[in-house]
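Got two chains here, separate frames each, mind docking them using the hints?
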Amino acid sequence: MSIISCKINDKEYKLEADPEMPLLWAIRDVAKLKGTKFGCGVAQCGACVVHLNGEAVRSCVTKVKRAEGQNIVTIEGLSEDNSHPVQRAWQEIDVPQCGYCHSGQIMSAAVLLREKPNPTDEDIDIAMAGNLCRCGTYPRIRKAIHMAAEMQRKNGKSSKKI
Amino acid sequence: MRENIKTVAVLIAIGFIIVAMAPEFRNHQEDAIQEELTYTGDGILDSKKDSAASVKAFASVYKVLMSPRCMNCHPSGDVPLQGDDSHLHTMLPRRGKDGKGLYAMKCGNCHQPTNTAGLNTPPGNPNWHLPPGDMKMVFQGKTAHELAKQIVDPKLNGHKSMEKLLEHVSDTLVLWGWNPGEERTKPPLPYEEFKKAWTTWIETGAYAPKK
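Here the protein sequences come in this chain order: L and S. Last residue of the first sequence: number 178 in the numbering used here, and the count goes up by one each step with no gaps. Last residue of the second sequence: number 362 in the numbering used here, and the count goes up by one each step with no gaps.
Only chain S is shown next, with the shape it has when bound in the complex (with noise of 0.2 Å):
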């Protein structure tokens, strides 16, 4: 007897606890919302806007850009990525003006129209390349809120509109990420959650996670 009343005692206080600490807890999950807003521009229905939506969609969308087969061709440097570690091509085949390499270095010339089959080959896509020289489009070392910010940005983005971005989700050479061949890791989520995700993110207002 004496121990039920005990374990109802603690339940009691258990829940005093909860519902003290329920604004602090709403505060902080309306702090993660209150993001700047990347986009305002045309794309964008005003009724559509949801920043809580579009701040988890973009989450998921950021996990897939990090990842190898996303990162590793928007590096830092001049230099592709290759691996799941994201080291540097070997031979260090360079970005060349049109991201397409240079001299008797350039993608084509190894990176066939598709996948070459067997351990360690060329993985491919007919227009294999990095983004160019003169809009590098780094993802690696991005954290969230930047990546979101450089992908609306027309400046930043390969002069993209939003009706763009949302085609590229389809584009061949983003779809390669999860076709990628001989052993290579595929990105963390499907493809069609990711395009889910990049269309929620968008359609919702493009918002940028916190800094």
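If we strip away everything but chain L, and leave its shape as in the complex, we get (with noise of 0.2 Å):
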């Protein structure tokens, strides 16, 4: 066991883990944050990704070791009141059917509109080919995509946590 300092959502943690043990493991057993999925364990659908340093990662691959001394973004710390643009356009559309996969979902879209503001629907579906739904919600994901683009440029911000 070691003590692996992080941030997470802005908080910092000491958390008492396996240095092999999975980032997801972590961060739902030991930080107790629960919004961040299981799927298959072999960075194969996207329910687990969480935002290290910004990027989209799977949190079920990624070793806690990896996290030490950075920071991580969660399903819970994306915004404090549920008003980042693709959580408000999901809302709005009301895109998951079963829901399980959509933090997933959620995190990977967050890093899309950060780095393509006004992504095509190329963009979402290269963005996005990562995130599996068994649901189908596909059609809404990208609808919704969309919508959190527009509503970033009508109010002129984007996604200032990652």
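By construction, these hints were calculated from the structure, which means they are not laboratory data. Any given hint could turn out to be false.
To be verified - Below, simulated DSSO-like cross-link-like pairs (lysine-lysine); rule was C-alpha separation at most 30 Å, straight line:
{"#": "1", "chain 1": "L", "residue 1": "K170", "chain 2": "S", "residue 2": "K248"}
{"#": "2", "chain 1": "S", "residue 1": "K306", "chain 2": "S", "residue 2": "K200"}
{"#": "3", "chain 1": "L", "residue 1": "K159", "chain 2": "S", "residue 2": "K251"}
Laid out in structure tokens, this is it:
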């Protein structure tokens, strides 16, 4: 066991964990943040996406030692009040069906909109290709990302959280 | 007795044929080594140049470079390849400008600094990437001649000098090919043999095999 010091959602954590533990388990079981989901465990589905220094890493294959001294954002920290444009668009369109994959979907979409504020359908398909949805909500995901992009444009602000 | 005479006659005939064919064989060999010199810059001593040895060494190099562990990250398109059949990478991640992916689909999001344990998990290296968008360094579909010429051309090889090419064989991402993790096939030559062939190819003149 080691102590892994990192920041999660702007809060300092000292996670007591085996350095080889998947970051996902450290987030869920040590930091007790349950919004990030386990899907496949082999980086194939995207349900476990969190932001590590702004990048949409798959926490199921990321070892917690990679987070030492780093900055993590989970779905709980994307905004303080679900006001991130992606979260608002997701609610507006009522994107999820079962909802299990959607924290990962939202975290991936947030990175896309930060790097490409006005994405085309093709950009969305490229960015979201690693996030699977067994309910098949892809058309609504695409629609919501376009809506979130428009919200960003109208409000003149984009995601400041990483 | 008659049988013995017959055997001797046949052996003599074969001997004649071999002697008669020898110049033809030599000419063919010479043809094969009269290759175009691909690089004449610094880093190769004239005294070391040996087109036959160079082309022979590149044959070994080429086998390795065209193996899936090397070629899969040197695709002709903008999507990396996977598996021993070099199929398109699932999820179709894109090369991106710097070769490290795009948006939420960057290489390092799944590929960790080391191989991930378990079947069908992402292999790893701290610098996992494709060649950048402005210098794709494609291996897929290249003949030995084309690839040899590409590798020694700084305008096509990532601006590498001969010295840098010699160093490149020890790059950790190159070395990963021989430590690919869970059940992945390794390149067809042991690393030390590949390194020797690579070094020999360059130090003897970096000749390209004939078209």
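Given the hinted pair L:K170 and S:K248, is their alpha-carbon gap at most 30 Å? 29 Å, holds
Taken at face value, is the distance from the CA of S:K200 to the CA of S:K306 at most 30 Å? 23 Å, holds
Given the hinted pair L:K159 and S:K251, is their Cα-Cα distance within 30 Å? Since the Cα atoms of L:K159 and S:K251 sit roughly 27 Å apart, the hinted pair holds (cutoff 30 Å).
Of the numbered hints listed earlier, not one is contradicted by the structure.
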